[in-house]
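K.L.:
Based on the hints, put chain X in the right spot on chain S.
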Amino acid sequence: MGALQILGFVGPSVNWWALLPQIILLGAALVILLVSALAPQRTTTAFVTVTTLCSAVTSSIIAIGLWNDVQTEGPSSSIASAFGIDGFSIFFTMLILIGLAATALLSHDYLDREGIDPPEFHALLLCSAAGAIVMASANDLIVMFLGLEALSIGIYVMIAMHHRRSEARESAIKYFVLGAFSSAFLLYGIALTYGATGSTNLVHVRNYLDVVVFRDQHLLMAAMALLLVGLSFKVAAAPFHFWAPDVYQGAPSPVTGWMASIAKAAGFAALLRIFFAAFASHDVDWAPVVGVLALITLVIGAVMAILQTDVKRMLAFSSVSHAGYVLVAVHAASAEGTSAALFYLFTYTIMVLGTFAVVGAIGTDDEHPLSRYAGLGRSRPVLAIGFTVLLFAQAGIPVTSGFIAKFQVIAAAVNNESYFIAGAAMMTAVIGAFMYLRIVMVMYVTDEEKERTSRTWHWTTSAVVIAAVGFTILIGVVPQFLIEFAEDAVPILIRG
Amino acid sequence: MIQLVAAQSASSFPVLNALIIVPIVGALVVVLLPNSRPELMRPVGAIFASIAGALSLYVMAQFSIHEAGFQFQSVQSWIPNLGINWHVGVDGISLWLVVLTGLITPIVLIAVDPHHDPKPYTAWLLLLQAGSFGAFLALDLFLFFVMFEIVLVPMYMLIGGWGYDDRRYAATKFFLYTMAGSALMLVAIVSVATLSAGNQDITFNVIELAQRQALSTNTARLCFLAFALAFVIKVPIVPVHTWLPDAHTQAPTAGSVVLAAVMLKLGTYGLLRFGLYLFPEASVWAAPTLATLGVIGVIYGAIVATMQKDLKRLVAYSSIAHMGFIVLGIFAFTTQSLEGGVLQMINHGLSTGALFLMVGMLYERRKTRAIEELSGIQSAAPVFAGFFTVIMLSSIGVPGLNGFVGEFLVLIGSYETRRWWTVIAATGVILAALYLLWAYQRVFHGEPTPDDEQTPDLTLKEGLVLAPFIVGIVFLGLYPKPLLERIEPAVDGLISHLEQHSDYVQPDVGAPVVVDESHVSEDDH
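For the record, the sequence lines run as chains S and X. Everything in the first sequence is counted per my numbering, starting at 1 for the first residue and increasing by one. Everything in the second sequence is counted per my numbering, starting at 497 for the first residue and increasing by one.
This is chain S alone, in the form it adopts within the complex (with noise of 0.2 Å):
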C-alpha cells in the first residue's frame, strides 16, 4: 500500500492525534463503567453527565484544532486510508459532538425520573457517538460499517433500557430487526462494491471508476442500489420508513433525539462520501435515483405527517420530509448540493435536539397526544414560543435557520435545472407546515381549560432548549459563518 511509504515510516501510520475526539469518548465510556462497578454509590447521575459533557467538550477542542490544521495543511488520511481526517469528518465530529452534549444533558433529567441507571446509558451513549464519527470520517466502506455498528448498537439498548415500557421494546425489537435488514444491504452493498472495484477503499473505489469504463455496469449499479437503500433506512427515507414513527414514538425522549438528529446525520455523513466522494464518476447513475426517493420521502413525509394526532409521530414524519430534503441536496451532486446537506444537517440537528428536548419535558410519561401541548401559551408562555420558533424553522420560516437551510437546498436543486424538485419540496413544506401549525394553534387557541401538573423544569433540559432557540435565531440572520463552515467542510478524499 502507497500509505506505508508517503510519509516515511515503517507500518501504518497512525495519526493519534486526528482520532483522539473518539478515543477521550471511549475512554469517558470506560472510565464510567469503572467508576461505577467500584464505587455504585459515587456515581451518581450528576457525575455521568458532568463526566459525558467534559469529554464531549475536551474532543470539541480538539476538533477545533483538528479543523485548523486541515484548513491550513489540506486533509490527510490515517490507519492505511482507512479514516479520513478532512474538513468533512471534523463538521460531523463537531456536529457529533453537540448533539452528545445536548443528549446527555437531556437524558439527566429523564434518566433521574425513570429511574434508570445513568452509567450504563451514558457509556452507550459515548460508544454511539464514537461509532458516529467513526462513520462519519471512515474512508473505508469496512470502517464505515464499524462505525455504523457500534452507533446502531448502542441506539438499540439505550430504547430498551426503559425496561418497564413495554412500548419502549417493542420499538428496540423492531428498530433492531430493521436495523439489522438494513445492514445486511449495506454489507452486500460493500461486497459488491468490493467485487466491482476491486476495494472497499473510497479512494481506491474512486481512483478505479475515474480510469476503468465498464462494458457493463451491473455489478455497480446493484451494489449502489444497495448500498443506496441501506442507507435509506438509516436516515429514515421513504420508502424505507416505516420503522420510524413506531420507534421515534416509544424510545425514550433523550434518545428519540439522538436517533432523529445524529443517527440520521451519520447516515447521511456516510451517504454523502459514498455517492458524492466515490461514486463521482457515475453521477448519472445515482443521482436520478436519489432525486425520486428524495420525491417520495418529501411527500410521504409532509402527507403523512399532517395525519398523526400523537407529537412524537408527527415529528418522526416530520423528520423523514427532512430527509427528503437532504436527498434533495444530495440530488444535485455538485459541491453546492453538498455544502448545502451540511448546513441543512447541522442546522436541522439543533432544531431537533431543542424540539425532542421540550417533548421529553412535557410529555413526561411518555404518552404524547397532541392535547397535553394544549394552552401552553398561556401556562408558559417562554416555552412555548421557544417550541413554536423552533416548529416554525422546521416549517422553513424567515429569520430562523431552516428557511436558510432550505433556501440553500432549492437554490442548489435549481442551479442543477431540477426544477421541478425544487418546486415539489417548496410544496411538501407547505403541506408540512400544516402539521406544525396544528401543534403552535393547539398551544396558543385553546377553549379548554385542562389541569396542568406544574413541574419545575430541571435546567438542563431550559439550558438546551434556550441553545437551541439561541442559534436557531442566531443562524437564521446572519448565517454566513456557517454557510463557510459548510463550504470548506465539502469533502476530498485523499490518500495518505
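Any given hint might turn out to be false.
In silico SDA-like cross-links for lysine to any residue, where the CA-CA straight-line distance does not exceed 25 Å [unchecked claim]: (1) X:K669 x S:L307; (2) X:K669 x S:T44; (3) X:K957 x X:S875.
Output of the computed footprint for chain S on chain X, the stretches with three or more beta carbons under 8 Å from beta carbons of chain S [as the list claims (entries may be wrong)]: (4) 669–675; (5) 679–692.
Just so you know, the hints here were simulated from the structure itself, not pulled from any lab data. Glycine included, each C-beta is placed from N, C-alpha and C at the ideal position.
P.N.:
Then chain X, alone, in the frame of chain S:
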C-alpha cells in the same frame, strides 16, 4: 444585523434601516416589560410605532419629488457567499405604502383594546409593522422574500390569539394559502438570480436584475407566473381569494385593519415592483388574463358583498372588489391607470382600514356584527353614523373624497388600453354604492330595537383615532397632487421600462398629468 445600524455612508442617517429596526426594538422592549404592568404594554408599543411613523413622515418630507429612481438606498453585505445583500430603498410607488404602514400601526395600537394578553399582542403588531416596512422597502429579492413571508407569523398569531370563534381554522388557512403561493416564488427567485448571472456574480439585486433582462422569453414567463401566483393570492384575486373573508372575519379588529390596509398591498405592490419591473415582457403577455381576473374580482366581490349577512364579511368582500380595481389599473399600463392603482392602494388602506375599525367599534358596543340584528343605530349614535357615512362614501367613490380620485384615474387610464374591461369595471362602482348603501340603510336607519337604542355614541378617543382617516380621506379627495406628483415619476419610469423591454407602447393621450379639483367636480358616474 447589528452593523446594519451603522450607515454605509456616515454622512446620511440610514432612515430606512431605522424604520425596520425601531419596531423590532419596540417589540423587544415590550417583551421585557414586567408582566405585572399590563397597562404599560400598548402605550409603550404605540410610542415605538409612532417613532417609526414619524420616521416614515420624515422619509416623505425628504423625498425628492421629481426623481424616478430609488432614494435613501442603503446596502449592507449580508450573506456574501450567496450574493445576498441587505438592500433597501424607496421610490414613488413604495413611499406612500411606507407612510401608510407607519401611520396605521400606532393608530391601531391606540385604538383597539385586545382584552387579554396585551404584551404579545403589542409585540406582534410591532413585528408586523417592521416586516411590512421591510417588504415595501426591500430591493433584494431574498430580503423581500424573507419579509414577505415573515409578516405571516405575526398576523397568524394575532388571528389565532385574539380572533373570534373560528380563528384556528381561519389563521391556518391564511398562513397555508399565502405560504403555498410564495413556495414557488422562492424557486423562481433563485432561478431568476441564477439564470441572470451568466458570467457575472450571482445577485438578488432587483434593480440589477431588471436591467439585465437576461432570461429567455419562456423562462421569464414561467418565473413571472410563479411570482404572480404569490401576489395574486395575497391581493387576493378571484378565484384564490377564499382565505380573505375567513381571515378578515375571524381576525381581531387590529388584525383586520392591518391586513386590509397594509398586507393586501403587498400583493399589488409585488405585482408592480417584481412583476412589471422584473418581467416586463411577461407582464405584457399576461396582462389580458390578469386584467380580466381583476375585473372579475370587481364584479364578483361586489355581488357577493351584497349578499353578506355579516357586516365584517361584507367589508371583506368589498376589499376584493377594490383590489380588483387596482389590478386592472396595474395591467392597463398607462400613466394614469398605474397612478390610479397606486393611489387606490392608499385609498383602500384608509377607507377599508377605517371601515374595519368602525365595524370593530360597533361589535364592541353590540357584540354582534350580523346586519339583521342591527337597526336604527343612527338615532342612538348620530356621530358614529356620521363618521361611518364619510368613510363609506369614500369607499363607494363619491366625488370629493379620496376613493373617487383613484377609481377615476384607474378608469380613465385603463379606457385607453382595455376599453371593455373598463366598461365592466365601471359598473362595479355602481354595485359598490348598492351594497354599502343598502347595508348602511339596514344598520343605521329604521326603527331601533331596545338594544340598539342603548348603543353608546362615539367617544372622544375613538373620534380622535378616526380623525386621521377622515382627514386623509377628505384631503386626498380634494387635493391629491402631493401624492400624485411623487408617484408619477416612478410610474413613468416603470412604463418606459416596459416599453423598452417589450413591444408595448403606451398610447399617446394628452391627458392631464395631475387630476385636480376641477376634474373631480365635473365628472360623476
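K.L.:
Are the hints correct? Go through all of them and say.
P.N.:
Right, here's what the structure says about each hint:
The suggested pairing of X:K669 with S:L307 holds, with an alpha-carbon distance near 17 Å, which does not exceed 25 Å. For the hint linking X:K669 to S:T44, the alpha-carbon distance of about 50 Å lies beyond 25 Å, and the restraint is violated. Taken as a hint, the X:K957 and X:S875 pair is honoured in the structure, with Cα atoms around 21 Å apart against an allowance of 25 Å. Under a criterion of three residues with beta carbons nearer than 8 Å to beta carbons of chain S, the stated coverage of the region 669–675 of chain X is upheld, 3 such residues being counted.
For a cut-off of 8 Å, the count of residues in the region 679–692 of chain X with a CB near a CB of chain S stands at 7, and the three-residue condition holds.
Hint 2 from the earlier list is the only one contradicted by this structure; the remaining hints agree with it.
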